[in-house]
Amino acid sequence: MSVADAPGVHDPSGRGSAFSGATGGTSESVVEPLVFERSRPGRRAVRFPAASERARAAAIGQPVVPEFARRAAAPGLPELSELELLRHYNRLAHLNQAIDLNFYPLGSCTMKYNPKVNEWAAALPGLADSHPFDPEPLAQGSLELMWLLAELLEDISGFCAVSLQPAAGAHGELTGMLMTRAFHRDNGEGEQRRKVLVPDSAHGTNPATATMVGYETVTIPSNQRGGIDLGALRGALGPDVAALMITNPSTLGIFEDQIDQVVAAVREAGAIAYMDGANLNAILGRFRPGAAGFDVMHFNLHKTFSTPHGGGGPGAGPVGVGERLEPYLPAPIPVLAEGDPAEVRANAWAGRSTPGARFALDADRPRSIGKVRSCHGNFGMFVRAYTYIRSNGGPGLRTISEDAVLAANYLRVRLRDAYDLPYDRPNKHEVVFSGRRQKREHGVSTLDIAKAVLDHGMHPPTIYFPLIVEEAMLIEPTETESLETLDRFVSVMHDIAGQVAADPDSVRRAPVTTPVGRLDEAAAARRPDLRWAHDGDEETASPA
Amino acid sequence: MTYSPHTDADRATMLAAIGVASVDELFDDIPASVRAGGWDVPPPLAEQEVRAELARLARRNRIPEVSFLGAGVYRHLVPAVVGEVIGRPEFATAYTPYQPEVSQGTLQSIYEFQSLICELTGMEVATASHYDGATATAEAALMACRLTRRDRIAVSAGVSPDTRRVLATYCSGPGIEIVTVPIDLSQGGTGTTDPAVAAAALGSDAACLVAAQPNFHGQIEPMRDLAEVAHAAGAQLVAVVEPTSLSILEAPGAYGADIVAAEGQPLGIPASFGGPFVGLMAARMGSVRQMPGRLVGATRDVEGRRGYVLTLQAREQHIRREKAASNICTNQALMALAATTYLAAVGPSGLREVAELSITQARHLVTALESAGLARRRFGGSYFAEVTVTVPDAARRHAALVEQGIVAGHLAERDEPDLRDTLLLATTELTTDDDIDRLVEALAATR
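Protein chains in written order, with our numbering: chain Y, 2 to 545; chain U, 2 to 448.
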């Protein structure tokens, strides 16, 4: 569907007006009722067959579900016909902005196009219906796919081994930190190394992860050029440091141009060098963290390798490791149990299976940190990422990063006259601006500017992150946006800058074309209403 | 192929605007000593070629014709409407609803999800979801430790081995001690958690008792008694449940569970070799500020319209950083939407039919195996829709059936050496009478 079909998002005649007819019978103050409010007793969308006579007869005499364990009343699930149900969720879908509708330059999130052939592949019955505990002879395709994907990720990153188990980037971080701790323990330094160094530009997940593993976080300042302050890093490194967690390129979109020295200093101090791979989309084919001396990195398959973000998951956060951490990887690991790896790879690259090759899950890893997720991880994401990597191939992956970096630098030079650019130097795949001038001169905040972007049908950049930039706007265009889209975004951002100067109040009122206006987040936190209730108060009561 | 729209002319335009001669200049900041050399990533494939490759891998799997495998992941009907809804690009290609004005679809669907999970579990508050049931269970145990300020937990051996492994990994982070509550796995044993044994394991300083209903062996646990012994020890009860069973089994909120964790996969999500799934977590409102993960709340917009936002974010990593309740960043929004659509599609009567059919077929299966003299139930007491049976020479016969494309459930000795010669057999509403006949015939032929 096109943006024009998304009522409320682009409707200049009034907010959500397209819904008033569609939802009939609801109060003016509700854009789309809750699924519970659409429920009518006796309706249903799905029916199941009754048990056969034979089954019922055979069940007699077997123990029933005992009375003490039975539920008194049925759960209060809604009752809808299939069409009513579908319309409800289709209407909700219309309330969303999404990559498939328009530009979504959410910095740090790599909102690139999610190719449809990936979805086709993940839905193949031979893959989607594969049970994770099916005996290995029945699951050779799933295991081969995982093995091949791990091989590709190793090649792309320069690491010697990969675990696909972590379900998200933050989950990969947790895995990396648990391996770090196991490594130091085995070296007899578990008690001594208690600190994890994290640059002040880091994602909040980095310090939160360190805490989950029982580490103390030490923040390392950035220098004036946006890189890690090497002097401060060297000063903080010592026999009490377990690891440095560093995002490279950083969340400012800047490649650490002293990364070789950073890694050397960390390793010299006996610490683990962890790279947060959130920004891998900038450096494919240009920088391989494992080859550069990093010990561990998580990949975000939902960023770099185009699996859909799904409104906030599912993602996948595999970790790559160097030799020092390899023994600690989560078990089990898919392995080629019989066959020559080079031959199997060559055949697979040519679209052929290798006769006699056998894949297995290796659980016999005595130093493993254990499992971090049930089964084998988010397999459906592996299918998509594998499809994507094979579609692009080596040259395509290089092009991805080149075009992503080109687009972000283009936005840097096109927008720097309209907004403050705290770090005016070539960036990688994203660029951070500051709305401090607009704030100071016109009392219009970055939040207001973001809301004004919504009125142009686009998703705004990430705002107020990284924390070290005042009134930050972090813009990541990705490689899949055309020059026309980039130019339109430039003109939108210039228009808004002009509007800020000419009529700041109108910017503070934005958005006015979205299905709802600004929402009272303070009230939501003060008086949490986290669920619908049958006999709810006026906030949740059914609108007649 | 790549999905980049840029023509060489576009690239030239951008390079000129930036003021560099080639894109290579934009990578000059990578120190020469660590610049990537070559790699062996294979050449690109056209769509028809990549389809052929993925079809090859899919064909290399052999989807069994008959399967009684569950062990935590179940083959249920995924109604067509569920695939239709979660396939909508407005849901699939959006991200975390940081801008609520253009994310009401995602936000409202999560609010509905939270509400549905509360209805199902009888709890007061549910999160926006977790990676899977195992990590939700682990996060629930860590939450119990924060709530009680204790650092030891008791875990029933009836909790799935896969979940217990993940729990052990998570607890190793902050150094939380795990005591396993053994259960009687002998022939004719209860196969359930003995409240007295649980009480002994809890002692006076455990943060929680983690127990599963139904348990991994399919047995129905005395959850009310387990809640009592947990509470008597000043500990919380973390109930790990199977969501379709909650149309029949008592809601955890009613038997005194303090935190509920579950694998949501049975609610409209394919097995997909283990993921993506969705973890469910619910608790009492008094504990909400110690809950990990995202929460969506209802509020009003500036013009009084009802709307939804991410709320109580002061618990979360992007605000609290090292003081956050968890490092969890995203939820599994699209899988939560699948569960939401599923629950709304089947409704209360459909969910009950799913459970009743599954229960009936489990009993049909046991009768058929017993009357053919092939197997007998391992334990006393009652079971839900998965059942542990003793079968002589189970490993060999299980393998022999695999050759014929029949999976005779889960070979229990893989996880539990005490359970030699037992099979854990799962039935769902998709289990047919014919499936049962084929299993019985095939097993008989291996005698």
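A portion of the hints provided could be inaccurate.
[What the hints assert, rightly or not] Not everything, but these chain U residues come out facing chain Y in the computed CB check (under 10 Å):
no., residue
1, P32
2, A53
3, T136
4, E178
5, T181
6, D185
7, G189
8, A197
9, A200
10, A201
11, G204
12, D206
13, A334
Keep in mind the hints are simulated off the structure, nothing from the lab.
In this text the structure is predicted, and so the values were computed from the model without any measurement.
Ideal Cβ positions, reconstructed from N, Cα and C, are used throughout, including at glycine.
Here is what the structure says about each hint:
1. P32: Check passed: Cβ of P32 of chain U comes within 5 Å of chain Y, closer than 10 Å.
2. A53: For A53 of chain U, the interface hint holds, since the closest Cβ of chain Y sits about 6 Å away, which is under 10 Å.
3. T136: Where the cut-off is 10 Å and the nearest Cβ of chain Y is about 6 Å from T136 of chain U, the hint holds.
4. E178: Check failed: Cβ of E178 of chain U comes no nearer than 13 Å to chain Y, outside 10 Å.
5. T181: With Cβ-Cβ at 15 Å, over 10 Å, it is violated.
6. D185: Hint on D185 of chain U: violated, closest Cβ of chain Y at ~17 Å, above 10 Å.
7. G189: Result: violated, 14 Å to nearest chain Y Cβ.
8. A197: violated (17 Å)
9. A200: violated (19 Å)
10. A201: Violated, about 23 Å.
11. G204: violated (23 Å)
12. D206: Since the shortest Cβ distance to chain Y is 19 Å, the answer is violated.
13. A334: holds (4 Å)
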